[in-house]
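Chains as they are written, first to last, in my numbering: chain V, 43 to 335; chain L, 31 to 174.
Keep in mind that the hints were calculated from the coordinates and are not lab data.
Here the structure is a predicted model, which means the values were calculated and not measured.
Careful: at least some of the hints might be erroneous.
Unchecked claim - Here are the simulated BS3-like pairs of lysine-lysine, each with C-alpha atoms no more than 30 Å apart in a straight line:
#1 Lys147(L) x Lys57(V)
#2 Lys322(V) x Lys147(L)
#3 Lys147(L) x Lys330(V)
#4 Lys62(V) x Lys147(L)
#5 Lys157(L) x Lys330(V)
#6 Lys111(V) x Lys170(L)
#7 Lys170(L) x Lys57(V)
#8 Lys157(L) x Lys147(L)
Each chain is listed here by its residues.
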Amino acid sequence: MAGVTTQHEASGIPKGSAGKVTFWFGCNMLRHAELIRLSMLLLEKAGYDVEAAGGPGYCCGTAHDHQPKAASTMSARTVDRFNERAQSEGRGTVVTWCPSCHMHMHDIMAPGNPVQFDVAHVTEMLADAGPSLARLFTTPVPRRVMLHRHHGFNSHVAVNDKVRSLIERIPGIEVVDGPAEAGHMCSSLAAVPGALEPAARRLWTEAVAQRCDTVATIFHSCHRELAGLDNRDGIRVRNWVHLLAEAMGLPAADAYRDWKAGGAPDIAAIERVGEAHFEKLIVPELRKPAVLR
Amino acid sequence: MTRPPPAQATSTEAYLRDAGPRLADLCTACGACFVACPMVDVIGLRGADASAASAGLRLLARGEAGPDETVKWAGACAKSGLCIAACPEREAGLDAMLLVRIARQRAINDTRQLGAKGDPLAFPRVKTFARLQLTDEEQKRWLE
Chain V
43 MAGVTTQHEA SGIPKGSAGK VTFWFGCNML RHAELIRLSM LLLEKAGYDV
93 EAAGGPGYCC GTAHDHQPKA ASTMSARTVD RFNERAQSEG RGTVVTWCPS
143 CHMHMHDIMA PGNPVQFDVA HVTEMLADAG PSLARLFTTP VPRRVMLHRH
193 HGFNSHVAVN DKVRSLIERI PGIEVVDGPA EAGHMCSSLA AVPGALEPAA
243 RRLWTEAVAQ RCDTVATIFH SCHRELAGLD NRDGIRVRNW VHLLAEAMGL
293 PAADAYRDWK AGGAPDIAAI ERVGEAHFEK LIVPELRKPA VLR
Chain L
31 MTRPPPAQAT STEAYLRDAG PRLADLCTAC GACFVACPMV DVIGLRGADA
81 SAASAGLRLL ARGEAGPDET VKWAGACAKS GLCIAACPER EAGLDAMLLV
131 RIARQRAIND TRQLGAKGDP LAFPRVKTFA RLQLTDEEQK RWLE
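So here's chain L without its partners, still in its complex pose (with noise of 0.2 Å):
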C-alpha cells in the first residue's frame, strides 16, 4: 500500500504539459531504454540506432517532430516497464517509460505524427456489458 505522490500541477494535462520538457532535459540520449523495450523486436527495429531512437524521445516530449524510428516505438509502447530500471538517469528523476508516454501523446496532438486510436464504443460496449451480468441494485451501488 502507497500513498501517491503529492500534486505537482493544478491538473494531469498542466502536470504533462510541464513534465515532457522536464523529462527531456534528464534524459541523455543514450539508448538504453531501447535496448531494453522488448517492443523494439516486435516492430522490427532491433538494428536502429538505440541513441538516436531515444534523442527523438527528446525531441518529441518537447512538442517538435521526432525521427520516424522515434515515432513508431513510441506508438507501440505497451508498457512492459523495462524501461524504468535500465535509464541510469532515473536515480536523478527520469522514469523513462512516462518519457515514452509523453513523447507517444505529443506525437498524436502537437506534431502529428501518430494517429488517434480511440474506440467510440468501447464505453457503451461496457455498459451494455455490465447491464447483462450485474443485478439492478449492483449497478445502482458500483457504477453510480
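For reference, chain V alone in the conformation it holds in the complex (with noise of 0.2 Å):
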C-alpha cells in the first residue's frame, strides 16, 4: 500500500492509539484479497494497530452442522487462538467481518467456550471513526449507489445503517436503499432452491427503476454472487469498501469481479498453485453461469 501511510495523519488519529485488535476476516473472504487489505487499512486510519487472522485455521465451524464434533473443536481452538492474542499480544478486541463468524462467536463459541476478548464488527468501528475518516475522503465518488441489503445479521450489528453511514461521508455519491431480503448474506439464500434469483431480480428490477450506476455489497458472500452481474444495465457492483478506498484516491481493484468477467489470474500465479487445482478448484466457480440470465 505505497502511498498510504502518507495520508495517516490526515485522519488526525495517531497510528495505533485506539487499541489493538486482531482483524478477523473469516474463510470465504479469502477470494477477495483487495477487501482483507483495505479493511486492514481503514482500521489503521481509525487509529487501530491491526493483526489480520482468517482462513481454515480460524474457522468458526458455523458450516459443519452435521460435524458437531469437529465444529465443537473447530470453534474451541479459534477461540483458543483469540485468547493468546489477547493474553500475549494485548489484542484485545476480534473485529469481525463475516455475519457468520460473528453470531456463531456470540450465539455458540462463547457460551462454550470461555472468552477473554471483546468482539465488535468492522463497520460498528469504521462508523463509530467515520467523522475521522471522513477527513480522508478527498476524492469525490459521483455514483448513484443502490446499497444490497438483508434482514439478518441486524439482530447482533445494525449493520445496513453502519455502512450506509459510512458510505455517504463520500463527496459526490448518492446512496438508495435497496430491498431488505432474507437471510443475512447472499450465501445462506443461495443454499435454498429458488431464493437467490428473485432476490437479485429484484434488487437489480430496482436499481435500474431508481436509475441507479452502482450495486453496492455488504459482505463477501453477496458480492460474490452478484459480481458476475457487473455492468448489465451499465450497473456497476462494488463493495462498501471499494467505494471508500476510491473516495480516499486509492487503487480499488476487483480481481475476483474481473476473473468472473472473463480476466483470469496471472500465469505465475496459477503456476503456484497448480493448474490441475485452478482447473478443479476455481475454474468451475468463476464460470458458474451468473444469477440472472
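With the hints in hand, could you dock these two chains into one complex?
Following this line, the structure appears as C-alpha cells:
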C-alpha cells in the first residue's frame, strides 16, 4: 500500500492510539484479498494497530452443523488462539467481517468456551470513527449507489445503517436503500433452491428503476454472487470498502469481479497453485452462470 | 463492541446439547417465529399451521422427530433473524433463531430427517484462492 501511510495523519488519529485488534476476516473472504487489505487499512486509519487472522485455521465451525464434534473442536481452537493473542499481544478486541462468524461467536462459540476478548464488527468500528475517516475522503465519487441489504445480522449489528452512514460521507455519492432481503447474506439464500434468483432480480429491477449506476454489496458472499452482474444495464458492482477506497484516492481493484468477467490470474499465480488445482477448484466457480440470465 | 456472553458449558457441542431442551421448554409454540420468517414464502409454506410448525421445533430440539413442515422450514433457515424479535418469549431467554438452528442440527444428526450439506472442497477452494492472491508474507502472517 505505497503512498497510504503518508495520508495517515490526515485522519487526525495517531497510529495505533485506539488499541490493538485482531481483524478476523473469516474463510471465504480469501477470495477477495483486496477487501482484506483495504479493511485493515481503514482500521489503521481509524487508529487501530491491526493484525489479521482467518482461513481454515481460524474457522468458527458454523458451516459444520453436520459434524458437531468437529465444529466444536474448531470453535475451541479459534477461541483459544484469540485468547492467546489477547494475553500475549494485548489484542483484546476481535474485529469481525463475516456475519456468520460474528453470530456464531456470540451465539454458540462463546457460550461453549471461555472468551477473554471483546468482539465488534468492522462496520461498527469504522462508523464510530466516521467523522475522522471522512477527512480522508478527498476524491469525489459521483455515483448513484443502491445499497444491497439483508434482514439478517441486524439482530446483532445494525450493519445496513452502519455501512450507509459510512458511504454517505463520501463526497459526490448518492445512496439509495435497496430491498431488504431474507437471510444474512446471499450465500444463505443460494443454499435454498429458488431463493437467490428472485432476490437478485428484485435488487436489479429496483436499481434500474431508481436510475442507480452502482450496486454496493456489504458482505463478501453477496459480492461473490452479484459480481457476475457487473456492467449489466450499465450498473457496476462494488463493495462498500471499494467505495471508501475510491474516495481516499486509492486503487480499488477487484480481481474476483474481473475474473468472473472472463479475466484470469497471471500465469505465475496459476503455476504457483498448480494448473490442475486451478481447473478443479477455481474455474468452475468463476465460470458459473450469473444469478440472472 | 461487546463482550460475548460467558461460557455456560465446556464446549459448543455440550452447550448446544443442553440448550436444545432448555429453549424448547421456553417455547409456547405460538407460531410467531414462523409467521415472521421470510423463508416461509420462499419454500411455499405460508399457508401451513404456524403453531404446529413451531411445536415441531420443540420436538426436534429435544431430539425427537418433527413434522415435515418443520423439517423443511428449519432446513431452509437463512438466518434472517426476524424470528428473534417476533418471539414473545424473548425476554424470558428464548432465542428463536438459535432454537431453529438447534432443531436443524438435530434433524441432520439425530433424527436424520435432513441430509448433510457439507462441501468437502470448500476449504481446498478458499486455500487456493488465497494462494492465487496473497503474498508469501501475507499467507505466513494471516493464515499461520
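Comparing the hints with the structure gives:
1. Lys147(L) x Lys57(V): Not satisfied, since the Cα-Cα distance of roughly 44 Å exceeds 30 Å.
2. Lys322(V) x Lys147(L): It holds: about 20 Å lies between the C-alpha atoms, which stays within 30 Å.
3. Lys147(L) x Lys330(V): Cα-Cα ~19 Å, so holds.
4. Lys62(V) x Lys147(L): violated, 37 Å
5. Lys157(L) x Lys330(V): holds, 19 Å
6. Lys111(V) x Lys170(L): holds, 28 Å
7. Lys170(L) x Lys57(V): holds, 24 Å
8. Lys157(L) x Lys147(L): This hinted pair holds, its Cα atoms lying about 20 Å apart.
Against the hints set out earlier in the document, violations occur for numbers 1 and 4.
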